[in-house]
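Chains as they are written, first to last, in the numbering used here: chain A, 375 to 622; chain B, 375 to 622; chain C, 375 to 622.
Mixed in with the good hints, there may be bad ones.
Intra- or inter-copy, both count: the list cannot distinguish identical chains.
To be verified - SDA-like cross-link-like pairs, simulated, lysine to any residue; straight-line CA separation at most 20 angstroms: (1) Lys490 / Ala612; (2) Lys456 / Val610; (3) Lys558 / Glu530; (4) Lys555 / Asn621; (5) Lys555 / Gln622; (6) Lys456 / Gly604.
These are computed hints drawn from the structure, not numbers from a lab.
Remember, predicted model here, so these are calculated numbers, not experimental data.
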Amino acid sequence: MANATVHPEAQLGSGCQLGQNVVIMAGVRLGEQVVVGHNVVIHPDTILGDGVHVGDNSVLGRSPRPASTSTVTEANELPGLKVGAGTTIGSGVVLYSGSRIGDDCLIADQSFVREKCVIGDAVIVGRGVTVENETTIGSYTKIQSQAYITAWTTIEDHVFVAPCVVTTNDNFMGRTAERFKYRKGPTIRQGARVGANTTLLPGVTIGREAFVAAGSVVTRDVPDETLVLGSPARPVRAVPEREFAANQ
Amino acid sequence: MANATVHPEAQLGSGCQLGQNVVIMAGVRLGEQVVVGHNVVIHPDTILGDGVHVGDNSVLGRSPRPASTSTVTEANELPGLKVGAGTTIGSGVVLYSGSRIGDDCLIADQSFVREKCVIGDAVIVGRGVTVENETTIGSYTKIQSQAYITAWTTIEDHVFVAPCVVTTNDNFMGRTAERFKYRKGPTIRQGARVGANTTLLPGVTIGREAFVAAGSVVTRDVPDETLVLGSPARPVRAVPEREFAANQ
Amino acid sequence: MANATVHPEAQLGSGCQLGQNVVIMAGVRLGEQVVVGHNVVIHPDTILGDGVHVGDNSVLGRSPRPASTSTVTEANELPGLKVGAGTTIGSGVVLYSGSRIGDDCLIADQSFVREKCVIGDAVIVGRGVTVENETTIGSYTKIQSQAYITAWTTIEDHVFVAPCVVTTNDNFMGRTAERFKYRKGPTIRQGARVGANTTLLPGVTIGREAFVAAGSVVTRDVPDETLVLGSPARPVRAVPEREFAANQ
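Construct the complete structure from the given sequences, taking the supplied hints into account.
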């Protein structure tokens, strides 16, 4: 176990491997055959399922500590981070407490997931991605590198979010008290594809099996099975059925 | 103090807590009740005020070391990084020497601040943000996640920079000698709001209490209290007074 | 050598300096006068040339480990990462095995390079940049902060890729089997400049000494020595010869 610092109240399953300079805090539970890289910090009450791999220099299960000027109220008493069996976590990743990640996911290098998120099974969260708080991501969905997923977003199953997609949740950008009524991330329905570097305005719905072309700015809801394009994005044609997620 | 490596010429105030594998170099001064996470590296002459919190795996006060091919001349003899009382620094953050950060700020996870920057009080620098060298950011300003703030930018107080905003400073993109005359980041005046994934061309001024809609490309100055939209961004209407920063 | 963990089968040249908590694995070879920061992890068979500097908390030469649902087949038996003499690597960087980086490069903080990339000499890879797998970058090229370089991209010499440029390689966004036939990153020819926050569609070629204005969406090939602008980007005028890379 090299020179890891393991709290006496942590539990490690059989066959776990810990790298150098690892810190494991109270109440952490690692399943069987978990592999933890070097310089990894695992905060209290984090649970990693069987066969989870964690890359070097990652921080798992840290607690939120917003600025006094943030509109996010401090989340106390959150449960520990929970990561399902067979999931791979990259290097330099930061994951918060109070979130659940499913089985067989890839949470790639230098990515980031805030508190109170629920991520399904076999999801890819790409390199450098932000997933802000209270977001839900369905199974088999891919969030490509450097995408920005804002708070209170809902993404269903089999969705493809291309690199550097930008989502938003507040048309008032932090002004007026009424903004709290309207504040809402996008909803991206099953099988939809959202192109690289597109911008989704607050609260828009991207329909099932819809397709947003790269570089678009989406200001209104996109109907199911429809390809939209431009700034503002407008419907252009139907998505071919052979491209539906259901037909792969 | 766990197994931290603390240089004999560093000074730690009363009540400081250091994590595992922390490295603190010569001339570092920590105020009272400073909390430093695991695997944190604090470079020479860094000063952290009372009550500063630093997340795991962050690097504070490192010196610039540009490539030989960079146009940035090497900054020797910079003073140490200075961080004000009550500021929270996240995990995986990299901050350079020669910059000053005010009191009660949040410098979020995986963000980055270069040398010779001045950041006011109660500022939020979001997750994964870049703040390049010689940039000034006023108090109560929020730079949201993944925004890119180029060198020689001026941002005043109470500004809202939305996620993934992109700023620029060189219309010549590294060519001709005359570019050094014109090279200039944007100026964002007090109370302005800049929408997600907008692009600001070099040297533009965003007026006081102005509003740039998400996804715009700003090629000219934006008048005070004006909403602009599109690519290139054009004035659309006045910003309602109830949304002014001054009226919150 | 502080408290570094150095595998007995690693080789260190004369004058190397290792920080605290460094881990160096089997088969690693460091040239002379290599400086390695604190908390750095160097994976098996990595080769660093003379005078290479590595910032704190970086991970060099890690192996790819894609999700079971990824379309990237696992790259086994990759050679170790190779970094040329005089190259500077920042803090919080993640570099994969199976890639080669030339001499005198700057691989800036928090950046990322995947496997099977070839990067020339005197290249700058900016802060937070992604370089995905099987990409080639020519000498004297600058990839500015937060740019996203997709897999199977070709970038020639003396190219300027501005901050937050987004590249793509798959018009089908992960659907249909035929996509594998068409999947292709952009080709950016010698001396071209690509403006901040532009989006390059899959397979486009940016001609020699061409100029893409900031915020554009490039859907077709851009002719040599031509300035294009807008969404979709259209030719506007010729690039002045005094701005050619060849004339600097």
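Okay, the hints, checked on the actual structure:
no. : hint            : verdict
1   : Lys490 / Ala612 : neither (36 angstroms within a copy, 38 angstroms between copies)
2   : Lys456 / Val610 : neither (42 angstroms within a copy, 47 angstroms between copies)
3   : Lys558 / Glu530 : within (16 angstroms within a copy, 28 angstroms between copies)
4   : Lys555 / Asn621 : between (39 angstroms within a copy, 19 angstroms between copies)
5   : Lys555 / Gln622 : between (39 angstroms within a copy, 16 angstroms between copies)
6   : Lys456 / Gly604 : neither (40 angstroms within a copy, 42 angstroms between copies)
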